[in-house]
Amino acid sequence: MKEYNKLILECSRPGRKAYRLPESDVPEFPLPEGLLREKEPELPEVSEVDVVRHYTNLSRKNYSVDIGMYPLGSCTMKYNPRINEEAARMSGFSNIHPLQPAETVQGALELMAKMEKMLCEITGMSAFTLQPAAGAQGEITGLMMIRAYHRHRGDEKRRHIIIPDSAHGTNPASASMAGMEVVEVKSDREGGMDLDALREVLNDEVAGLMLTNPNTLGLFDKNIVKIADMVHKAGGLLYYDGANANAIMGITRPGDMGFDIVHLNLHKTFSTPHGGGGPGSGPVGVADFLKEFLPSPVVARSGKGYYLEENRPMSIGKVKSWYGNFGVVVRAYCYILSMGAEGLKAASRMAVLNANYMKEMLKDYFELPYDRTCMHEFVLGGLKNNPYGITAKQIAKRLMDYGLHPPTTYFPLIVHEALMLEPTETESVESMEEYVQALIRIAQEAVKDPDVVKTAPHTTIVKQLDEVGAARNPVLKW
Amino acid sequence: MIPYLPATPEDERKILKKLGLHSADDVFEDIPPSIRLQKDLDLEKPKSELEVERILKDLCSQNLDAEKAVIFLGAGSYDHYIPSAVRYVTGRSEFSTSYTPYQPEISQGTLQAIFEYQSMICAITGMDVSNASLYDGASAAVEAARMATDHTRRKQILVSETVHPETRKVLSTFLRYRGIACEVLPMKNGVTDMEMLEGKVSRETAGVILQSPNFFGFFEDIGNAEKITHNKKGLLILSVDPISLGLFKSPGEWGADIAIGEGQSLGNPMSFGGPYLGFLACTKSLMRKMPGRIVGQTRDTEGKRGFVSTLQTREQHIRREKATSNICSNESLNALTASAYLATMGKAGLKEVARQCYDKAHYAASILTASGKYHLLYDHPFFMEFPVVGTPSDEKIQEALLQEAIIGGYAFQKDYPQLGHGILYCVTEKRTKQEIHHLQRILEGIE
Amino acid sequence: MKVLDGLYYSKDHEWVKSEGSRALVGITDHAQLGLGDVVYVELPEEGDEFQAGDPIGVVESVKAASDVYTPIAGKVIGVNRELIDHPERINQDPYGSWLIELETADADMEGSLLSPEEYKTWCLEEDE
Numbered sequence: 386m387k388e389y390n391k392l393i394l395e396c397s398r399p400g401r402k403a404y405r406l407p408e409s410d411v412p413e414f415p416l417p418e419g420l421l422r423e424k425e426p427e428l429p430e431v432s433e434v435d436v437v438r439h440y441t442n443l444s445r446k447n448y449s450v451d452i453g454m455y456p457l458g459s460c461t462m463k464y465n466p467r468i469n470e471e472a473a474r475m476s477g478f479s480n481i482h483p484l485q486p487a488e489t490v491q492g493a494l495e496l497m498a499k500m501e502k503m504l505c506e507i508t509g510m511s512a513f514t515l516q517p518a519a520g521a522q523g524e525i526t527g528l529m530m531i532r533a534y535h536r537h538r539g540d541e542k543r544r545h546i547i548i549p550d551s552a553h554g555t556n557p558a559s560a561s562m563a564g565m566e567v568v569e570v571k572s573d574r575e576g577g578m579d580l581d582a583l584r585e586v587l588n589d590e591v592a593g594l595m596l597t598n599p600n601t602l603g604l605f606d607k608n609i610v611k612i613a614d615m616v617h618k619a620g621g622l623l624y625y626d627g628a629n630a631n632a633i634m635g636i637t638r639p640g641d642m643g644f645d646i647v648h649l650n651l652h653k654t655f656s657t658p659h660g661g662g663g664p665g666s667g668p669v670g671v672a673d674f675l676k677e678f679l680p681s682p683v684v685a686r687s688g689k690g691y692y693l694e695e696n697r698p699m700s701i702g703k704v705k706s707w708y709g710n711f712g713v714v715v716r717a718y719c720y721i722l723s724m725g726a727e728g729l730k731a732a733s734r735m736a737v738l739n740a741n742y743m744k745e746m747l748k749d750y751f752e753l754p755y756d757r758t759c760m761h762e763f764v765l766g767g768l769k770n771n772p773y774g775i776t777a778k779q780i781a782k783r784l785m786d787y788g789l790h791p792p793t794t795y796f797p798l799i800v801h802e803a804l805m806l807e808p809t810e811t812e813s814v815e816s817m818e819e820y821v822q823a824l825i826r827i828a829q830e831a832v833k834d835p836d837v838v839k840t841a842p843h844t845t846i847v848k849q850l851d852e853v854g855a856a857r858n859p860v861l862k863w
Numbered sequence: 022m023i024p025y026l027p028a029t030p031e032d033e034r035k036i037l038k039k040l041g042l043h044s045a046d047d048v049f050e051d052i053p054p055s056i057r058l059q060k061d062l063d064l065e066k067p068k069s070e071l072e073v074e075r076i077l078k079d080l081c082s083q084n085l086d087a088e089k090a091v092i093f094l095g096a097g098s099y100d101h102y103i104p105s106a107v108r109y110v111t112g113r114s115e116f117s118t119s120y121t122p123y124q125p126e127i128s129q130g131t132l133q134a135i136f137e138y139q140s141m142i143c144a145i146t147g148m149d150v151s152n153a154s155l156y157d158g159a160s161a162a163v164e165a166a167r168m169a170t171d172h173t174r175r176k177q178i179l180v181s182e183t184v185h186p187e188t189r190k191v192l193s194t195f196l197r198y199r200g201i202a203c204e205v206l207p208m209k210n211g212v213t214d215m216e217m218l219e220g221k222v223s224r225e226t227a228g229v230i231l232q233s234p235n236f237f238g239f240f241e242d243i244g245n246a247e248k249i250t251h252n253k254k255g256l257l258i259l260s261v262d263p264i265s266l267g268l269f270k271s272p273g274e275w276g277a278d279i280a281i282g283e284g285q286s287l288g289n290p291m292s293f294g295g296p297y298l299g300f301l302a303c304t305k306s307l308m309r310k311m312p313g314r315i316v317g318q319t320r321d322t323e324g325k326r327g328f329v330s331t332l333q334t335r336e337q338h339i340r341r342e343k344a345t346s347n348i349c350s351n352e353s354l355n356a357l358t359a360s361a362y363l364a365t366m367g368k369a370g371l372k373e374v375a376r377q378c379y380d381k382a383h384y385a386a387s388i389l390t391a392s393g394k395y396h397l398l399y400d401h402p403f404f405m406e407f408p409v410v411g412t413p414s415d416e417k418i419q420e421a422l423l424q425e426a427i428i429g430g431y432a433f434q435k436d437y438p439q440l441g442h443g444i445l446y447c448v449t450e451k452r453t454k455q456e457i458h459h460l461q462r463i464l465e466g467i468e
Numbered sequence: 042m043k044v045l046d047g048l049y050y051s052k053d054h055e056w057v058k059s060e061g062s063r064a065l066v067g068i069t070d071h072a073q074l075g076l077g078d079v080v081y082v083e084l085p086e087e088g089d090e091f092q093a094g095d096p097i098g099v100v101e102s103v104k105a106a107s108d109v110y111t112p113i114a115g116k117v118i119g120v121n122r123e124l125i126d127h128p129e130r131i132n133q134d135p136y137g138s139w140l141i142e143l144e145t146a147d148a149d150m151e152g153s154l155l156s157p158e159e160y161k162t163w164c165l166e167e168d169e
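In the order they appear, the protein sequences are chains A, B and C. Under the working numbering, the final residue of the first sequence carries the number 863; numbering is consecutive throughout. Under the working numbering, the final residue of the second sequence carries the number 468; numbering is consecutive throughout. Under the working numbering, the final residue of the third sequence carries the number 169; numbering is consecutive throughout.
I should point out that these hints are in silico values taken from the structure, not numbers from a laboratory. Keep in mind that this is a model prediction, so the values were computed, not measured. C-beta atoms are modelled at their ideal positions from N, C-alpha and C, and glycine is treated no differently. Just so you know, not all the hints are guaranteed correct.
[Claimed, not checked] From the structure, some residues in chain A lie toward chain B, with a derived Cβ separation under 8 Å: (1) Val450; (2) Phe674; (3) Ile799; (4) Leu861.
Make a model of the complete structure from these sequences and hints.
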């Protein structure tokens with residue numbers, strides 16, 4: 386099939402139209418002088434056929450979960466069930482306005498209330514907010530609540546947030562945005578948090594600790610209860626980054642581990658689609674003593690039904706307009722209904738089994754910095770036999786020639802030439818074996834035919850792109 | 022067996038054998054027994070699609086949606102026409118089930134669509150560069166405020182009272198935690214008090230945030246505001262309704278430094294408040310201070326045009342605590358939707374939608390106030406929303422309208438107690454003359 | 042990896058060229074090799090004053106954005122604006138591409154900074 390290489394503007398011809406509105410049935414009113422546009426916007430003029438062909442052709446240039454395996458570590462690229470999409474599209478959910486009187490949106494409020502309750506049960510927390518639009522926004526919400534909590538106790542001194550060196554970039558970025566200082570603690574040889582290093586930084590300036598468990602190395606920190614205890618004794622709170630929750634549903638809960646605040650990524654663990662970068666949803670759950678600080682409004686219930694409670698004097702305020710990414714919440718709600726308790730547990734169990742399976746098949750060809758049972762993901766540290774110095778980047782590019790999406794590369798930062806893989810539970814044995822075979826072939830090419838790996842990709846629709854040029858002389862619009 | 026989990030018992034046996042384990046539970050050996058759940062989560066049993074559908078339909082039946090009722094409610098979320106071609110584009114699973122385009126060679130679809138989105142946002146706002154999207158208009162305001170304080174190295178932001186209350190609430194929350202002073206400029210006769218603005222802007226002011234059309238639908242005196250702000254070398258941040266830009270002067274033409282706003286009206290449904298779309302565009306000099314992802318055009322090793330995520334070193338995954346923002350996932354699919362909407366409506370379409378909104382709103386305003394029972398709160402040029410006051414209480418009006426399957430406008434007393442009761446009506450291109458007259462008849466009939 | 046004589050060095054891979062009461066500051070060959078192709082440089086303004094060890098700007102490549110710290114205290118009297126249009130010069134000639142010129146009272150450079158030999162040793166130690 387021929388390749389498509391046009392910008393929509395390049396399809397434009399004066400006078401073409403892709404839309405049709407009914408003729409206006411009201412008279413024209415005079416427009417206010419001095420307020421009108423001088424220059425018409427440079428928007429395309431195309432026909433509907435052009436629009437459909439353009440975007441259909443563009444979409445075919447994308448790899449996606451619907452095409453094949455996408456084992457990006459810590460992204461949980463699991464299958465996005467179609468019923469979730471149908472649910473979100475129902476007029477009763479998509480065509481309601483956030484300011485409608487409560488009595489006209491009882492179904493929406495009930496869905497939110499039920500969702501909050503389900504998330505409390507899954508995480509072991511007491512209350513949830515669905516307001517944050519993504520994990521990063523969930524993080525900053527949680528951190529603001531930590532600050533509010535300490536301020537409420539009259540303690541303005543606590544400004545430090547402890548973060549492991551393996552943490553995702555959003556953690557320290559969120560801490561900065563919340564006006565806090567990051568204190569980094571290194572990981573020990575087992576890949577968990579170094580307890581001695583932790584002990585050294587625990588003092589009366591510590592507001593809290595941010596952690597994901599399992600961590601970004603895919604390892605469960607066995608010392609978590611001890612860590613929670615240490616931080617609590619020092620007067621700090623514990624924040625759980627839920628990006629890796631897919632490993633533990635129905636197995637253990639952050640609330641039981643000792644965490645005080647939790648965020649979840651509905652677009653990871655709860656199967657809502659990634660959308661090419663969003664929208665996501667990052668609900669935040671808290672222990673009982675923190676629930677007054679949750680953003681407002683909250684879904685409440687009276688004799689007359691559900692309503693939104695705004696009057697909450699201790700709330701941190703608002704982190705997003707309206708109530709959250711409702712359309713994404715609907716999808717996740719639908720997922721939890723479909724899976725039930727036993728489904729979620731089976732999903733986590735399978736996610737962990739699958740990751741271990743791939744790890745075992747690959748450990749003879751790649752460096753395994755932590756050779757122990759992993760959780761839902763694992764990290765490799767480059768090729769074992771590598772006389773020509775093939776990098777993680779080159780392996781990733783070569784995988785594309787096999788029609789597969791590369792794993793995460795160069796993260797976490799503490800592993801050299803890192804390749805982080807997370808198959809998820811929705812991959813079959815065959816699909817994982819196919820992926821492993823491709824990686825093994827590349828490992829062999831790295832020794833026998835290194836150039837083909839070094840100059841990859843060869844069969845993709847564009848070859849290696851000049852990122853330096855794009856950064857030096859940015860061209861950001863047509 | 023759950024259809025999303027392909028592993029059969031035989032597959033599981035194969036895996037366990039490879040791992041040298043007896044039972045699947047052995048993989049959880051690292052989890053201390055004290056925190057292992059001893060019983061199943063208290064959730065309902067798994068449900069089939071038909072059962073899930075029943076539950077959802079039941080919930081939907083308790084929601085009065087814009088297909089069952091006629092809606093005159095705006096105030097930050099709008100019922101606009103969404104062309105079927107746009108819904109088709111949003112539904113392409115190659116777009117929706119793909120990830121953030123970190124591997125550009127196999128994400129050219131998303132990257133090009135976002136590049137086109139950025140281009141079209143620049144086209145309508147008249148600015149030099151746009152980013153790839155933020156969560157919503159409110160978070161765009163927060164990011165713009167941060168850009169202004171970073172750029173000018175000053176610590177004060179002024180925001181007009183006529184900027185949407187949701188935006189101000191979010192701004193206030195975020196700026197407080199960042200140690201940036203956020204002061205609200207009072208309004209006068211439904212618009213920003215320009216004398217107050219002149220009095221407040223100083224060499225401490227990093228940026229001034231105005232919205233036009235403002236919350237009440239009124240056009241603000243941006244020309245004046247621009248002079249006042251730039252006189253003291255602050256940045257002018259203008260929040261705009263993207264549909265209005267089909268007709269009305271763009272932020273670029275006004276001389277704004279940063280253009281922001283809520284992009285929901287560009288092809289995205291109201292969806293009870295989310296997911297929405299924050300757009301942010303600015304002048305070239307502020308380009309590197311923009312948060313979030315940005316797509317740039319480049320060439321590959323064979324000279325072919327392609328697109329990549331660029332200026333990434335400002336972002337959280339590289340810069341970490343020094344990042345411009347912590348944003349990771351944005352609203353990419355909503356930006357794609359906006360892109361498809363702007364492409365479908367095009368130059369002529371955006372203008373026609375804006376015109377119809379303007380005319381229908383003005384027609385409704387004249388009809389609703391014809392008898393004298395109701396009058397406009399202020400007589401000031403407006404776009405497609407207008408505040409109306411009369412003797413009947415807000416609750417009575419709302420109830421009477423709901424009885425007739427009409428969702429009335431927004432009772433703004435809650436956010437502007439000093440104005441007393443009154444309702445902000447919104448009339449988009451979807452409303453008909455018949456619906457407007459029906460509204461008028463009901464309103465006339467209320468005691 | 043080149044290390045030039047006649048310059049002082051810092052552990053953060055900046056170099057200082059002393060010219061009496063003035064000094065030029067740049068980043069070393071080791072630094073530019075680690076960054077890769079430089080795409081952008083963020084520089085301070087003339088008149089800005091810094092203490093030793095303060096961040097004064099950023100050097101950006103495609104994969105990293107590194108803070109540049111001034112090894113000595115002083116007031117900025119010159120900024121190499123050419124680098125904004127031609128950031129690649131930092132890769133081509135790191136020791137010829139000064140970032141800022143400082144007016145400094147910091148006389149004790151020998152005491153607080155590294156000599157070329159000490160810097161070479163430091164680089165080897167760091168890479169271990």
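Exercise for review: Kindly indicate which numbered hints from before are broken by the structure, ordering the numbers from low to high.
Suggested key: Failing hints, ascending: 2 and 3.
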